[in-house]
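Just so you know, the sequences run in chain order A and B.
Each step along the first sequence adds one to the number in the numbering used here, with nothing skipped, and position 53 is 53.
Each step along the second sequence adds one to the number in the numbering used here, with nothing skipped, and position 20 is 20.
No wet-lab data here; the hints were simulated from the structure.
Take the hints with a grain of salt, since some may be wrong.
Said to hold, decoys possible - List time: in silico DSBU-like cross-link candidates among lysine-lysine, alpha-carbon distance up to 35 Å:
#	chain 1	residue 1	chain 2	residue 2
1	B	K274	A	K4
2	B	K271	A	K31
3	A	K31	B	K19
4	A	K30	A	K4
5	B	K412	B	K292
6	B	K19	A	K30
7	B	K182	A	K69
8	A	K35	B	K27
9	B	K274	B	K264
10	A	K79	A	K30
11	B	K264	A	K79
12	A	K31	A	K79
13	B	K182	A	K35
14	A	K31	B	K412
15	B	K27	A	K79
16	B	K195	A	K69
17	A	K69	B	K264
18	B	K195	A	K79
19	B	K412	B	K27
20	B	K182	A	K79
21	B	K271	A	K69
22	A	K31	B	K264
23	B	K412	A	K4
24	A	K35	B	K195
25	B	K19	A	K35
26	B	K264	A	K35
27	A	K69	B	K27
28	A	K30	B	K264
29	A	K4	A	K69
30	B	K292	A	K31
31	A	K35	B	K274
32	B	K292	B	K264
33	B	K259	B	K271
34	A	K35	A	K79
35	B	K19	A	K4
36	A	K31	A	K69
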Amino acid sequence: MAIKFEETGDGQYILDVCGYSCPHPQMYTKKALQKMCDGDELTLIFDNPSSGESIQAMLDNEGNELLDKVQGDGSFTWKIRKGA
Amino acid sequence: MKKQESAAASTLDLDTGNKVIDWFSQKRNRHAATIMGLVAICSAWALSNDMRWLYLLVYVWFGLIYGMFLQYGRFCMASAVRDLFAVGVSRMAVGVMIALCLYSMVAAVVNISGFGTFHPHPLGWHIIIGGLIFGFGIIFTGGCASGSLYKTGEGNMASALVLLSISFSQAFFVNLGDWSDKLAPASWTASALDKGMPEELSVEHGWFDQFTAGYIWDLEAATLADMMSVTQPIAKYFLTDSLLVTILPASIILVVLYKAYYCKGYLRRQKIEKQGMTCHLGGVWSMITSSKNTAIAGIGLGIFSGLHVWATGALRESYGIFNFGELLEDMGHTAGLSIQGTVFDPGYWYITTQEAQWGAWVMENVGMDMRSNIFFGMDNGIPNPLINAPGFMSIGIILGAAMLALLRREFKWKIPNMETALFALAGGLLMGIGARIAMGCNIGAFFATVANGDISGWVFLLGMVAGGYLGVQAFNFWMNWRTSQIDDCPL
Numbered sequence: 001m002a003i004k005f006e007e008t009g010d011g012q013y014i015l016d017v018c019g020y021s022c023p024h025p026q027m028y029t030k031k032a033l034q035k036m037c038d039g040d041e042l043t044l045i046f047d048n049p050s051s052g053e054s055i056q057a058m059l060d061n062e063g064n065e066l067l068d069k070v071q072g073d074g075s076f077t078w079k080i081r082k083g084a
Numbered sequence: 001m002k003k004q005e006s007a008a009a010s011t012l013d014l015d016t017g018n019k020v021i022d023w024f025s026q027k028r029n030r031h032a033a034t035i036m037g038l039v040a041i042c043s044a045w046a047l048s049n050d051m052r053w054l055y056l057l058v059y060v061w062f063g064l065i066y067g068m069f070l071q072y073g074r075f076c077m078a079s080a081v082r083d084l085f086a087v088g089v090s091r092m093a094v095g096v097m098i099a100l101c102l103y104s105m106v107a108a109v110v111n112i113s114g115f116g117t118f119h120p121h122p123l124g125w126h127i128i129i130g131g132l133i134f135g136f137g138i139i140f141t142g143g144c145a146s147g148s149l150y151k152t153g154e155g156n157m158a159s160a161l162v163l164l165s166i167s168f169s170q171a172f173f174v175n176l177g178d179w180s181d182k183l184a185p186a187s188w189t190a191s192a193l194d195k196g197m198p199e200e201l202s203v204e205h206g207w208f209d210q211f212t213a214g215y216i217w218d219l220e221a222a223t224l225a226d227m228m229s230v231t232q233p234i235a236k237y238f239l240t241d242s243l244l245v246t247i248l249p250a251s252i253i254l255v256v257l258y259k260a261y262y263c264k265g266y267l268r269r270q271k272i273e274k275q276g277m278t279c280h281l282g283g284v285w286s287m288i289t290s291s292k293n294t295a296i297a298g299i300g301l302g303i304f305s306g307l308h309v310w311a312t313g314a315l316r317e318s319y320g321i322f323n324f325g326e327l328l329e330d331m332g333h334t335a336g337l338s339i340q341g342t343v344f345d346p347g348y349w350y351i352t353t354q355e356a357q358w359g360a361w362v363m364e365n366v367g368m369d370m371r372s373n374i375f376f377g378m379d380n381g382i383p384n385p386l387i388n389a390p391g392f393m394s395i396g397i398i399l400g401a402a403m404l405a406l407l408r409r410e411f412k413w414k415i416p417n418m419e420t421a422l423f424a425l426a427g428g429l430l431m432g433i434g435a436r437i438a439m440g441c442n443i444g445a446f447f448a449t450v451a452n453g454d455i456s457g458w459v460f461l462l463g464m465v466a467g468g469y470l471g472v473q474a475f476n477f478w479m480n481w482r483t484s485q486i487d488d489c490p491l
């Protein structure tokens, strides 16, 4: 159950941090966004509900855009576009 | 006309009926309803045995409420400290300050009514050192003391490991053996012996006993109002304890959080170029309301924490008792009482001591001597977990959070991997030790303390923030090393 971060297409990335609780998901999301270019998109998959609040606030603060949120039973898939 | 009304009412009834059936057709909703039903049935059963169990049930139901608010607002004080340093997010720190201000206002009303149950904490270096150890630990556990409870309710078994670790580390730490004597200064030993404590406690043996009787008991403990000899009730409880000790510093912290973490992003989002006082006031308001869940949880927790004090205080007055131990003795449950006939019974939101009692109860039942120390033997006792009132508050938090997580489709059984499990156990160990040195956790030593006008809570926060900062640096170091070890992970 290791962290998975990879480029799936041109400017498209996926970060899967399922199985990890705070602070892993928010810290890995920050790290992943730092590795990406402006306008790139990240599909983030996590299953620690409290990380969602922190990630949402972090995206707002740093000018990144949350494009889509999908919630399954206990897991979350968010689509994020890195802002300029 | 009447027929039409009757037909409309039948359609409405049918709709409502279908909605109820739909609601119950989902397994998670049935599970949440089962939890609530079981708590209600067990409460009724306890009361039918003896109405005095109401005292314990107050803890249970306030625990349920705390659990629901904690889950709703993802309210965790570890996050308040950690997210500031780790990802530059002030959401939770803001929520804690809101809760603190409201708790202090309700506490002032409760204290002025004479139902207060709070006792100030002795102020000394131990608080900052304990806070530092505790603050370092919470970075690795992923949650504070109350956060770990609500996350256990979400099905997170790493958080359950944190609870296990906190319980046993505390029980072990307060019962350190003779080998730890040399760690205590001679002045502590002499001062502890001077207190003339009962022989069975053997206060000259074990570091924690000497720390308690030889150091802590020699310190002053008072609220700021008491230190300043303010006696007029309004000036004492509202102006000093609430306004001066809590609301004023909390407001200053909110302004600092705004300037350091929120202002830049707010001005960019609002496309504000010309800054003025009105714009910044709008910014502070936007920061407070940016996470509605957190703000609502802060308001709810603040108000209910105060009401909890009032409810327990009123029951104590009604039963004519100072401590739950007296009721337990009347009901014939004397096995878990301390030599003073008391048990741990703070009368307000508290987390760690009851968990230490769980650990001690297990250790005692496997044959260990857990009572020749001040912490259990003289102060808190080791009641059976089935009659441990504050222990049921912790269980209530887990159940309340589980109910809400199920209803919100956020419940998920999560078995930790080795890394998370080791962090949970090691972080929990540090949290347990830190909490005992500081005489409480983020709730008992900070939240409840500050809200009742005791400045020692701010000292704990200072230690916790410093520990949190160091913890984030250590965690970053670990994370960088860890990702460098994973193949195909360009992080």
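Status of each hint after checking the structure:
no., hint, in the structure
1, B:K274 to A:K4, "44 Å, violated"
2, B:K271 to A:K31, "27 Å, holds"
3, A:K31 to B:K19, "44 Å, violated"
4, A:K30 to A:K4, "14 Å, holds"
5, B:K412 to B:K292, "24 Å, holds"
6, B:K19 to A:K30, "42 Å, violated"
7, B:K182 to A:K69, "58 Å, violated"
8, A:K35 to B:K27, "41 Å, violated"
9, B:K274 to B:K264, "13 Å, holds"
10, A:K79 to A:K30, "14 Å, holds"
11, B:K264 to A:K79, "24 Å, holds"
12, A:K31 to A:K79, "16 Å, holds"
13, B:K182 to A:K35, "52 Å, violated"
14, A:K31 to B:K412, "26 Å, holds"
15, B:K27 to A:K79, "29 Å, holds"
16, B:K195 to A:K69, "62 Å, violated"
17, A:K69 to B:K264, "26 Å, holds"
18, B:K195 to A:K79, "64 Å, violated"
19, B:K412 to B:K27, "13 Å, holds"
20, B:K182 to A:K79, "58 Å, violated"
21, B:K271 to A:K69, "26 Å, holds"
22, A:K31 to B:K264, "21 Å, holds"
23, B:K412 to A:K4, "20 Å, holds"
24, A:K35 to B:K195, "62 Å, violated"
25, B:K19 to A:K35, "47 Å, violated"
26, B:K264 to A:K35, "22 Å, holds"
27, A:K69 to B:K27, "23 Å, holds"
28, A:K30 to B:K264, "18 Å, holds"
29, A:K4 to A:K69, "19 Å, holds"
30, B:K292 to A:K31, "27 Å, holds"
31, A:K35 to B:K274, "33 Å, holds"
32, B:K292 to B:K264, "21 Å, holds"
33, B:K259 to B:K271, "17 Å, holds"
34, A:K35 to A:K79, "16 Å, holds"
35, B:K19 to A:K4, "41 Å, violated"
36, A:K31 to A:K69, "20 Å, holds"
Taken one by one, the earlier hints fail for this structure at numbers 1, 3, 6, 7, 8, 13, 16, 18, 20, 24, 25, 35, listed in ascending order.
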